[in-house]
Structures are given as C-alpha cells and as structure tokens.
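S.K.: Sequence:
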Amino acid sequence: MRKKDTFKIYLTIGLLVWSCFNGAFAKAQSSSTSKKFKVVLDAGHGGDDSGNRGNGYYEKNIALDIVLAVGAELEKQKDVEVIYTRKKDVFIPLATRADIANEANADLFISVHCNSHSSQAKGTETFVMGIDKNEKNMRIAKKENAVILLEDNYEERYAGFDPNKPETMIGLELMQEEYLDQSLNLASFIEKEFTSAVKRSSRGVKQGPFWVLHRSVMPSVLVETGFLTNNEEGRFLNSNAGRVKMAKAISTAVTNYKKAIQATESITVAADAPVANKPVRVEKSKVYKDVTFKVQLAASKRKLETKSYNFKGLKNVSRIKDGRLYKYYYEATSDYTLARRFLQDAKAKGYKEAFIVPFDKSNKKLQLKQVLN
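Going by mature numbering (1 follows the signal peptide of the UniProt record, and there is no 0), the letters in the sequence shown line up with residues -26 to -1, 1 to 347, in that order.
Accuracy of the hints is not assured; some may be wrong.
As the list claims (entries may be wrong) - List of simulated lysine-lysine pairs, DSSO-like, C-alpha gap at most 30 Å:
| id | residue 1 | residue 2 |
| --- | --- | --- |
| 1 | K232 | K180 |
| 2 | K166 | K326 |
| 3 | K180 | K260 |
| 4 | K323 | K335 |
| 5 | K275 | K335 |
| 6 | K323 | K275 |
| 7 | K277 | K260 |
Unchecked claim - Derived Cβ-Cβ restraints for the label pairs, each shown as a range:
| id | residue 1 | residue 2 | range |
| --- | --- | --- | --- |
| 8 | G178 | N337 | 23 to 31 Å |
| 9 | S170 | Q344 | 33 to 41 Å |
| 10 | K260 | A322 | 19 to 27 Å |
| 11 | N29 | K9 | 37 to 45 Å |
| 12 | A46 | Q341 | 27 to 35 Å |
| 13 | K289 | L346 | 24 to 32 Å |
| 14 | R293 | K61 | 41 to 49 Å |
I should point out that these hints are in silico values taken from the structure, not numbers from a laboratory.
Glycine residues also receive a C-beta, built at the ideal position from the N, C-alpha and C atoms.
Full structure from sequences and hints, please.
M.R.: Structure, rendered in structure tokens:
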C-alpha cells in the first residue's frame, strides 16, 4: 500500500473519531443544560378510598382536580417535567406513591389533600415530615396514614406499621433530615400563595409523621387545601373556580421555589481543556462586605465530628445548632463566586441537595436573594 493511501485511511479514521467525539460531547453538553426539574404530584386517596366526605363532598375527586390543574400549569414551562401518581379515580398504595417519586429521581414531591373536623375549623396547612407531639397534627397524620389498612398485605409491606397504635407514631424517625430545610422552604412558598393570592385562611407550616413523606427521598410536602367540613371552605373547594385558584397558587409556589433553588445552582460545565480553541471564561470575584457565604451540606439530629471522614472527604466543615437540628456547612467566604465553586465541590462529592447560605457578622442567616440584590 502506498504511503499516500495509508495517509488517506488514517485521515478518514481520524475524522470519524473526531466526529463521534464531538457529537457525544455536544449531546452530553445538551443533556446537562436541558435537565428538567421533575415534580411528582400526588392526589390523595382514590378508588375505594374516598378520603373524607365532609358536607357530602369527595376529597379524592377534589384532590385529583387540583393536582391535574397544578400539573397543567407547570407543564407550560419547558424545563419542568410533571409526573402523576394517579390521573384518574384509582387507589394507589402509599408506598407506591413514594416509590414513583424515588424512581423518577424527582426534585419535588407534593401530596394534595382536603381536611375535615367535627367543628367548623377552617384554613390551609402544609406539612413536612417530622415527629410532632401536637395532638391536632398527630390526628391529621393518623387519618392520612389510615389508608394503609385498605391494602391486603399492609402488615408485610409496612413492616407491622399500624396507624392505630400511638407507639407507631412516636417510633417513626425523621428520615428526611437532609431535605428538611428545602421542604420547609417549599411549604412556606405554598402557604404564602394561599394567603396572598387566594386570600385563604392559613394555619401555617407544620410537621407530622406522614408515611408518604417518610418514604420519599427528596424535598416533600403534604398540602391540606382546606376543610370540606367547613361550610364556606367546602363550597369553595368543591367549586371549579376554587380548585383552579388553589392549583394556581400551588403551581406559582413551585415556580418560585424552583427559581430560588436555581439561583444558587448556576453551575457551568467544566472541561479539562478548551474545546475548539474557545477560551475558558473566568468569573470575576463578587465580594460582599460583612457577609459570609457557607454551603449547607446537611441537617441532622445527630451531632457529628466535623472531620473530613464524616463528610466524604470534604474539609473545613463547621457545625451550627439550629433548634433541634445540627446543620453542617462547608467552607466560608465573602466571595460569592468562590462560594459557588465550593457548592460545585459539595455536589461532586454527592451532596446533591447542598445550597449556599449567607450569614451576617453576628452569624445570623440572611436571605440569599436579598443579599445578591
């Protein structure tokens, strides 16, 4: 074979390899920049489980209508993917609802319900997973967990979990410690929209031992949209206009939460070398006087030594007691650009839900959005 022919063969092979590499890189780059924000919407009850029947209304139908309307609003955003645990009147086991969210690797899990009471109690309330000895909160959690008993194999599936036993409630541990702050943040956004946009009475953000939240490994909330047993709220929630307004409030809250999270996650794709001789963009320092940025890694009831072996090799970890929880932070800097790099380091180590928290000189937490503005 002549040298000229050999050269042509090698040149052709080289061009093919480069084409494949370049295509794969472009696909990977496109994939990383087009990752969708996944929201799992769970309409409470369904099928043989009607939920509460306050004033003759069906909780399962109202919850489903609200969820479908929330999903329709969110699906208007190209970067949002909505997954439903049910889209029709069927019974879905609690464990399956959480599994759907876990298998989808969702960013959020939202379970929608309607409340009931023997009095004319009224108001919305949004729950996150937690142990709360408040009798009213325990009653609501017990009622929502009771659907487990409709499942034939509940003793096997739920490892003896019996919602009628008080010790079962107390025995549940807080499994969502890593996501507690984000769940509380989302719950606050939701209750704020209920009061400001829909002018509903709010009973606030609360904690409760809900099985469906206990099983989900992402920021999760259970929304009680109001009391069907309250004459005014029951009529409102059973009306098409009322359900649309509540759905719009929830979808707006999710959008606001997403924007707040993404404000701390504007992570650029890094490469070992420039591609096609394109220069690497170096961000300028953004120093904020009298502000210290830290990367929150986790929140836990466990008091851990701030050694690198407890935090996947990360050094310079600090611990702050906040109520009943210990919060663990990585690094500390007044340079926001540097803080974002620390955030990338934390995520690369596996802390996917890490986020940046600013503090003032007295070590008081600040709102990131306000600091950056």
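S.K.: Please go over all the hints and tell whether each is borne out by the structure.
M.R.: Hints and how they fare:
1. Under the criterion of a C-alpha separation no larger than 30 Å, the hint pairing K232 with K180 is consistent with the structure, at around 21 Å.
2. The suggested pairing of K166 with K326 holds, with an alpha-carbon distance near 27 Å, which does not exceed 30 Å.
3. Note on K180 and K260: the hinted pairing is violated, with a Cα-Cα distance of about 37 Å set against a maximum of 30 Å.
4. For the proposed pair K323 and K335, the alpha carbon gap of about 29 Å is at most 30 Å, so the pair holds.
5. For the suggested pair K275 and K335, the alpha carbons sit about 26 Å apart, so the restraint of at most 30 Å is met.
6. Restraint check for K323 and K275: satisfied, since their Cα atoms lie roughly 22 Å apart, inside the 30 Å limit.
7. Only pairs whose Cα atoms come within 30 Å are accepted, and K277 paired with K260 is rejected, the gap being roughly 33 Å.
8. Distance hint check for G178 and N337: the Cβ-Cβ separation is about 27 Å, which falls inside the suggested range of 23 to 31 Å.
9. At roughly 18 Å, the beta-carbon separation of S170 and Q344 lies outside the given 33 to 41 Å, and the hint is violated.
10. With their beta carbons about 22 Å apart, K260 and A322 fall inside the hinted range of 19 to 27 Å.
11. About 44 Å separates the C-beta atoms of N29 and K9, a value consistent with the hinted range of 37 to 45 Å.
12. Range check, A46 to Q341: Cβ separation about 31 Å, and the 27 to 35 Å hint holds.
13. Between K289 and L346, the C-beta spacing of about 27 Å keeps the proposed range 24 to 32 Å intact.
14. At roughly 44 Å, the beta-carbon separation of R293 and K61 lies within the given 41 to 49 Å, and the hint holds.
Of the numbered hints given earlier, the model fails hints 3, 7, 9; all others are met.
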